[in-house]
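Colleague: Since the structure of chain A is provided, determine the placement of chain B on it from the hints.
Below are the chains, spelled out letter by letter.
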Amino acid sequence: MDLIAEGFRRAIGLLFGADPEIWAILWLSLQVSGTATAIALAAGIPLGVVLALTRFPGRTLLISAVNTGMGLPPVVVGLFVSLLLWRSGPFGAWEILYTPAAIVVAQAVIAAPIVTGITLAAVQNVPEVFRLQLLGLGASRAQMVRVVLRQARLPMLAAIMAGFGGIISEIGASMMVGGNIKGQTRTLTTAMVLETGKGNFDVAIALSILLLALVFLVNVALTSIQQRRPS
Amino acid sequence: MVRRRWIPLALALAVAVAPAHAQGPASRTVILSTTTSTQDSGLLDVLVPLFERKSGYSMKTISVGTGQALALAARGEADVTLAHAPEVEKKYVAEGKMHTRRLVMYNDFVIVGPAGDPARIKGDTSATAALRKIAAAQTRFVSRGDKSGTHTLELRLWARAGVAPGAPWYIESGQGMGATLGIANDRQAYTLTDRATLLAFARRVDLAVLVEGDRPLLNIYSVMEVNPANGPRVNAAGGTAFADFMLSPEAQKIIETFGVEKYGRPLFVPIAGKKDEDF
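Chains as they are written, first to last, in the working numbering: chain A, 1 to 231; chain B, 232 to 510.
Isolated chain A (complex conformation):
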């Protein structure tokens, strides 16, 4: 119990002492996971919409693949992204392994199926009659998709929260493709593992407080958009 109380006391001291390294780690995590979420949205929303609104052979198989991908273990992604980005791998020439860009790639791969899956479910939840009516009223296909997406915006925000929350707290892939390099690729979660390994539990506790606070703030922002009365 002593350790926990003492850990929290020192953690709060560290946070208010504004240790520049801790803040740099926080900023990097936010940048990396934010970028990865943006990429996942750019890829996942169109894919989710297409899967929800079209019928083609192999569609069920593809949807099953997306649903499986929603539970993709980060270490698996980390391993395969590492293999691809290795100097001897197919993308070795890019030389981005052990850089923040590599973490962005891995995290985007983890988040994309989550965004796709939730988008798919959200769009399919809009009654088909409604879509047919829109088309019947003379809306073009693009206009129909726009209206349907607006109808589905509440669950879509949940997709952003689930995607971002999943990757900012992810550790396996960040560790493998980023390498937890001090000042370069050390994120909140990899720093936490390192500090725990070093026995610096107070720093680890400070980092976990920051991580929770960060996820909470992002969710507060998104939830307040989500719960705003439609104007």
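Incorrect hints may have been included.
Simulated restraints on C-beta separations [said to hold, decoys possible]: (1) Lys-505(B) x Asn-219(A): 41 to 49 angstroms; (2) Val-76(A) x Ser-479(B): 37 to 45 angstroms; (3) Ser-479(B) x Asn-219(A): 49 to 57 angstroms; (4) Val-76(A) x Lys-505(B): 37 to 45 angstroms; (5) Asp-276(B) x Arg-9(A): 53 to 61 angstroms; (6) Asn-67(A) x Glu-326(B): 42 to 50 angstroms; (7) Pro-20(A) x Lys-353(B): 39 to 47 angstroms; (8) Ala-439(B) x Gln-226(A): 42 to 50 angstroms; (9) Lys-182(A) x Ser-479(B): 16 to 24 angstroms; (10) Arg-9(A) x Gly-495(B): 21 to 29 angstroms.
In short, the hints are calculated from the structure, not lab data. Cβ coordinates follow ideal geometry from the N, Cα and C atoms, glycine included.
Modeller: What follows is chain B alone, placed relative to chain A:
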């Protein structure tokens, strides 16, 4: 189909928008593969920035288990390796994957256990004799079980003791030294640890140093350079520069005093110029 169109775009976007961190042209980046215990000691946090300032190279330190550190180097995924598993290292040098193995420093391993010492090994001067007693008494022993340098040494000691350890008294943690000490503490078990990690955890674990000073317990760190033929894009010059730096009088001086401030005693003994036969 749709999916395939998106993947290259997502990758391209990732590269384009990812925060650009100091990463010069390829030849200015050196990748060091090393072990978690080296990283956990904090020594590299002092030496690497100094090397970067002096040489102009930018260094990426990848700390993994010794097995993986050497495997990465053998594939040309690193340019230089700092490890502490002499037998494995010599194998890689013999195979031509690594070259110019030079001793840098040592610290030592100790066998720790509960203060009650149920296997009565306290004060033994031979590590293998102590392990034999632990096996005979079937008292719990926690192994790293992760192919790390520490684990490699532990397995060699068991082999030398002529014992094949196994369940139920032999526990494999599969984790780093810190976590393994925590488990040993919790289960009131024996374990083999490097002294640096033990010092770092001294306040958290209640385990006594029972066996120390035996020659096989010396933990010798070597630096090795990667054969450029191992893979594309190996930065041989950068690897050599870091190896030379580790043996320079300046780095050796820092190694000699590192840890005094925090633990009241140095963590490592510098040994540049020495050979394996000297120990």
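Colleague: Now tell me if each hint is right for this structure.
Modeller: We went through each hint and held it up to the structure:
1. A hinted range of 41 to 49 angstroms for the beta carbons of Lys-505(B) and Asn-219(A) is inconsistent with their spacing of about 57 angstroms.
2. A beta carbon spacing of about 42 angstroms between Val-76(A) and Ser-479(B) agrees with the range 37 to 45 angstroms that was offered as a hint.
3. Look at Ser-479(B) against Asn-219(A): about 51 angstroms separates their beta carbons, and that is inside 49 to 57 angstroms.
4. For the hinted restraint 37 to 45 angstroms between Val-76(A) and Lys-505(B), the CB-CB distance of approximately 44 angstroms keeps it satisfied.
5. Take Asp-276(B) and Arg-9(A): their Cβ atoms lie about 25 angstroms apart, and the range 53 to 61 angstroms is violated.
6. For Asn-67(A) and Glu-326(B), the hinted distance range of 42 to 50 angstroms is satisfied, since their beta carbons lie about 45 angstroms from each other.
7. Remark: the range hint 39 to 47 angstroms for Pro-20(A) to Lys-353(B) is upheld by a beta-carbon distance near 46 angstroms.
8. With their beta carbons about 57 angstroms apart, Ala-439(B) and Gln-226(A) fall outside the hinted range of 42 to 50 angstroms.
9. At about 22 angstroms, the beta-carbon gap between Lys-182(A) and Ser-479(B) stays in the expected band of 16 to 24 angstroms.
10. Distance hint check for Arg-9(A) and Gly-495(B): the Cβ-Cβ separation is about 25 angstroms, which falls inside the suggested range of 21 to 29 angstroms.
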